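Q: Given the coordinates of chain A, work out where chain B should sit on it, guided by the hints.
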Amino acid sequence: MHEEPILEVRNLRKQFGTGCYKCRELGTRELEKNFCKHCGTVYACQDISFDLFPGEILGIVGESGSGKSTMMQCLYFDADVTSGEAYINNSILARQNVFELSSQQKRSIRNHVYGMVYQNPVHGLKMNFSSVGNIAEKLIAAGNRNVAVMESTSKKLLESVHIPLHRMKEEPRNFSGGMQQRVQIAKALSNNPPILFLDEVTTGLDLSVQANVLDLIKKIQRDLGISMIVVSHDLAVIRMLADRTIVLLNGKIIEQGLTDQVLEDPQHEYTQQLVYSLL
Amino acid sequence: MKANTHFAFFDEGSKKEIRRAIMKAVAIPGYQVPFASREMPIARGWGTGGLQITLSIIGQSDVLKVIDQGADESVNAVSIKKLVHETTGVDITERTTEASLIQSRHRIPEVPLTKDQILVLQVPMPEPLRAVEAKEYRTKRMHAEDDYSGAWLMLFEQIMKYGKTATAADHPVYVNGRYVMAPSPIPRFDNPKMHHSEALILLGAGREKKIYAVPPYTNVKSLAFEDYPFTVESFEGQQCHLCGSAGIFLDELIDQQTGKTVYQCNDTSYCMDQLNQKEKAEVQTSYA
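Protein sequence lines, in the order shown, are assigned to chains A and B.
So in our numbering, spot 207 of the first sequence is number 207, and the numbers just go up one at a time.
So in our numbering, spot 220 of the second sequence is number 220, and the numbers just go up one at a time.
One chain only, chain A, in its complex shape (with noise of 0.2 Å):
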């Protein structure tokens, strides 16, 4: 792929703590596993360094507490960063770090270019308020004010989702985790972001569910060209999904490329054994 991409990330770090002298003098590279063991620093993110190029899907790996959810929250300014720079390339941010926009700025960036599936719905929805008024609610902040036209987008998305139409109006606190997590979908969809992050979408579903969900999103690459940030901790997930791969361990890349080269033949050993410890 030689055109630019969407998404530049450099050098992200979060860690929660302030460190000691210890870990600052030594430096992260010391340290056995992500944290400190004087003063129980955690460095989540350790220089995470990628570019997202439009219409890709990019797979993140990685175990439990490699780091994973958090660079997801920094990117979708749930969290902010210790240091590090976003660069989204359209025509109104040009080369601005988006991690240093105001709150405003980046709640336009949520509204306008990021869409955002957690991978427990209860973050992404508001359970008490009706699906169609869910995915309304990311037109209006969007600057809709027309009920007739965000009423039609809402049904449009909920049945390209494969929402029955006679529940529409019904709290999503009523539905399936995996029809839930549908709503999500449509919800993240619902202003047309040119950048959509799944959180481990298909944790917690059933396989026949997981599979129509990852369908959905495949069908929703093709045929909107969005592109994707994939969390996961499921190989199976990553390999159906994403083009290209990033290994991380203790907050750090330690692989990354072609998904099928990740998986078919890792160089690193911590890669290794994550793929020959598929059951």
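Hint data in this document are derived by calculation from the structure and do not stem from the laboratory.
This one's a predicted model, so the numbers in the text were calculated from it and none came from an experiment.
Honestly, I wouldn't trust all of these hints.
When the alpha-carbon atoms are kept at most 25 Å apart in a straight line, the in silico DSS-like pairs for lysine-lysine are as follows [stated by the list, open to error]:
| no. | chain 1 | residue 1 | chain 2 | residue 2 |
| --- | --- | --- | --- | --- |
| 1 | A | Lys155 | A | Lys169 |
| 2 | B | Lys164 | A | Lys156 |
| 3 | B | Lys164 | B | Lys221 |
| 4 | A | Lys126 | B | Lys140 |
| 5 | A | Lys219 | A | Lys252 |
| 6 | A | Lys106 | B | Lys140 |
| 7 | A | Lys126 | A | Lys106 |
| 8 | A | Lys155 | B | Lys164 |
| 9 | B | Lys161 | A | Lys155 |
| 10 | B | Lys82 | B | Lys16 |
| 11 | B | Lys140 | B | Lys209 |
| 12 | A | Lys156 | A | Lys219 |
| 13 | A | Lys156 | A | Lys218 |
| 14 | A | Lys126 | B | Lys164 |
| 15 | A | Lys252 | A | Lys22 |
| 16 | B | Lys115 | B | Lys15 |
| 17 | A | Lys169 | B | Lys161 |
| 18 | B | Lys24 | B | Lys209 |
| 19 | B | Lys221 | B | Lys140 |
| 20 | A | Lys106 | B | Lys135 |
| 21 | B | Lys24 | B | Lys221 |
| 22 | A | Lys126 | B | Lys135 |
| 23 | A | Lys156 | B | Lys161 |
| 24 | B | Lys193 | B | Lys221 |
| 25 | B | Lys15 | B | Lys280 |
| 26 | A | Lys169 | B | Lys164 |
| 27 | A | Lys126 | B | Lys161 |
| 28 | B | Lys221 | B | Lys115 |
| 29 | A | Lys252 | A | Lys33 |
| 30 | B | Lys15 | B | Lys81 |
| 31 | B | Lys24 | B | Lys193 |
| 32 | B | Lys135 | B | Lys209 |
Heads up, incomplete: computed chain A residues facing chain B, CB under 7 Å, no partners named [as the list claims (entries may be wrong)]:
| no. | residue |
| --- | --- |
| 33 | Lys106 |
| 34 | Met127 |
| 35 | Ser130 |
| 36 | Asn144 |
Where is the CB? At the ideal position from N, CA and C, for every residue including glycine.
A: Positioned in the frame of chain A, the structure of chain B alone reads:
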């Protein structure tokens, strides 16, 4: 007037603190200013916010009127009037035009207010975004960032469920194009009265410890979608069964025995005025 109590119940320090909050509220229309809500001799939720504002701005030359849901003689209104009168000795009136200070619960009087009057509204729930966000620090941030999608979402939900915006009272308003404000539980009918009101409107929430204000001649716009414009309660073809007034906010009364529905002015002093005027006119013509 009781000899031993301080003028207007409060000590001067308290009045000063509340006045400062009021000044700030007037300076930033629609912004909820936190203040140290005091323990009052009436229960929280019975108008302590309004009462604290009234007591801290009242002067000896003021004339007070207190309304409770349009009525001047309800228990709540009478008790508040009694307290203020006993501690200040100011004149009490029921006529809107005579009052310089009007404390009200859930209504704005029918007679248009003038620039010499101040309206104090009692507010139970000052936060228009509470239904979408339970956490105070989050709603504060939403106000700061002009993020009112939650308020719009509530209206959208009503339209989805009932086919129209169904806020019976407390329909959110944009004040001065910036802050979304809960106008206290006044009926939608009274929302337009806030727009470019000649009188200063002060809103006090005692339990929630917030004061906010709509200064005179401020833009107040009720939230409404493009294709669902804001509407007020309609009493088309109805009139008060006592004074015969129309085009005002009417109460619907159902006679339990006969099952007949009659309408009556909600604003009792307005109704009384109309009746008195009629009588006067009658006396002039019949006995002249």
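Q: Now tell me, hint by hint, if it's right for this structure.
A: Consistency of the hints with the structure:
Our distance criterion of 25 Å between C-alpha atoms is met by Lys155 of chain A and Lys169 of chain A, whose separation comes to about 10 Å. Distance restraint check for Lys164 of chain B and Lys156 of chain A: the Cα-Cα separation of roughly 22 Å lies within the 25 Å cut-off, and the hinted pair is therefore satisfied. Proximity of Lys164 of chain B to Lys221 of chain B is assessed by CA-CA distance (about 18 Å); at most 25 Å being required, the pair is judged to hold. Between the alpha carbons of Lys126 of chain A and Lys140 of chain B the distance comes to roughly 19 Å, so the proposed pair stays at or under 25 Å and holds.
At most 25 Å may separate the alpha-carbon atoms for a hinted pair to count; Lys219 of chain A and Lys252 of chain A exceed this at roughly 31 Å. Note on Lys106 of chain A and Lys140 of chain B: the hinted pairing holds, with a Cα-Cα distance of about 17 Å set against a maximum of 25 Å. Between Lys126 of chain A and Lys106 of chain A the CA atoms are separated by roughly 21 Å; this keeps the pair inside 25 Å, and the hint holds. The straight-line distance between the Cα atoms of Lys155 of chain A and Lys164 of chain B is roughly 19 Å, inside the 25 Å bound, and the hint therefore holds.
Taken as a hint, the Lys161 of chain B and Lys155 of chain A pair is honoured in the structure, with Cα atoms around 15 Å apart against an allowance of 25 Å. With a CA separation close to 23 Å, the supplied pair Lys82 of chain B and Lys16 of chain B stays within the 25 Å bound. For the hint pairing Lys140 of chain B with Lys209 of chain B, the CA-to-CA distance comes to about 14 Å; that is within 25 Å, so the pair holds. Distance check on the hinted pair: Lys156 of chain A and Lys219 of chain A sit about 15 Å apart at the alpha-carbon level, within 25 Å; holds.
At most 25 Å may separate the alpha-carbon atoms for a hinted pair to count; Lys156 of chain A and Lys218 of chain A meet this at roughly 18 Å. Under the criterion of a C-alpha separation no larger than 25 Å, the hint pairing Lys126 of chain A with Lys164 of chain B is consistent with the structure, at around 21 Å. Restraint check: the Cα-Cα separation between Lys252 of chain A and Lys22 of chain A comes to about 20 Å, which is no more than 25 Å; the hinted pair holds. At roughly 23 Å between alpha-carbon atoms, Lys115 of chain B and Lys15 of chain B fall within 25 Å of each other, so this suggested pair holds.
Restraint check for Lys169 of chain A and Lys161 of chain B: satisfied, since their Cα atoms lie roughly 8 Å apart, inside the 25 Å limit. Between the alpha carbons of Lys24 of chain B and Lys209 of chain B the distance comes to roughly 14 Å, so the proposed pair stays at or under 25 Å and holds. In summary, the hint linking Lys221 of chain B to Lys140 of chain B is supported, as the alpha carbons are separated by about 21 Å, within the 25 Å threshold. Using a Cα cut-off of 25 Å, the hinted pair Lys106 of chain A and Lys135 of chain B holds, with the two alpha carbons roughly 21 Å apart.
Under the criterion of a C-alpha separation no larger than 25 Å, the hint pairing Lys24 of chain B with Lys221 of chain B is consistent with the structure, at around 21 Å. Of the supplied pair hints, the one linking Lys126 of chain A and Lys135 of chain B holds, its CA atoms being roughly 14 Å apart against a limit of 25 Å. For the given pair, Lys156 of chain A sits about 19 Å from Lys161 of chain B by alpha-carbon distance, which is consistent with the 25 Å threshold. For the given pair, Lys193 of chain B sits about 10 Å from Lys221 of chain B by alpha-carbon distance, which is consistent with the 25 Å threshold.
A C-alpha spacing of about 43 Å is found between Lys15 of chain B and Lys280 of chain B, which places the hinted pair above 25 Å, so the restraint is violated. Restraint check for Lys169 of chain A and Lys164 of chain B: the C-alpha separation of about 15 Å stays at or below 25 Å, so the hint holds. A distance of roughly 16 Å separates the Cα atoms of Lys126 of chain A and Lys161 of chain B; the hinted pair therefore holds under the 25 Å criterion. Among the hinted pairs, Lys221 of chain B with Lys115 of chain B is consistent with the structure: their alpha-carbon atoms are about 20 Å apart, no more than 25 Å.
Distance check on the hinted pair: Lys252 of chain A and Lys33 of chain A sit about 10 Å apart at the alpha-carbon level, within 25 Å; holds. The suggested pairing of Lys15 of chain B with Lys81 of chain B holds, with an alpha-carbon distance near 18 Å, which does not exceed 25 Å. As the CA atoms of Lys24 of chain B and Lys193 of chain B are separated by approximately 23 Å, the hinted pair is consistent with the 25 Å bound. Of the pairs offered as hints, the one joining Lys135 of chain B and Lys209 of chain B holds, with about 15 Å between alpha carbons and a cut-off of 25 Å not exceeded.
The interface hint given for Lys106 of chain A is violated, since its Cβ lies 10 Å from the closest Cβ of chain B, which is over the 7 Å cut-off. At its closest, the beta carbon of Met127 of chain A sits 12 Å from a beta carbon of chain B; the interface hint therefore is violated under the 7 Å criterion. For Ser130 of chain A, the shortest C-beta to C-beta distance to chain B is roughly 6 Å, which falls under 7 Å, so the interface hint holds. Using the Cβ-Cβ criterion of 7 Å, the hint placing Asn144 of chain A at the interface with chain B is not satisfied: the shortest such distance is roughly 9 Å.
Against the hints set out earlier in the document, violations occur for numbers 5, 25, 33, 34 and 36.
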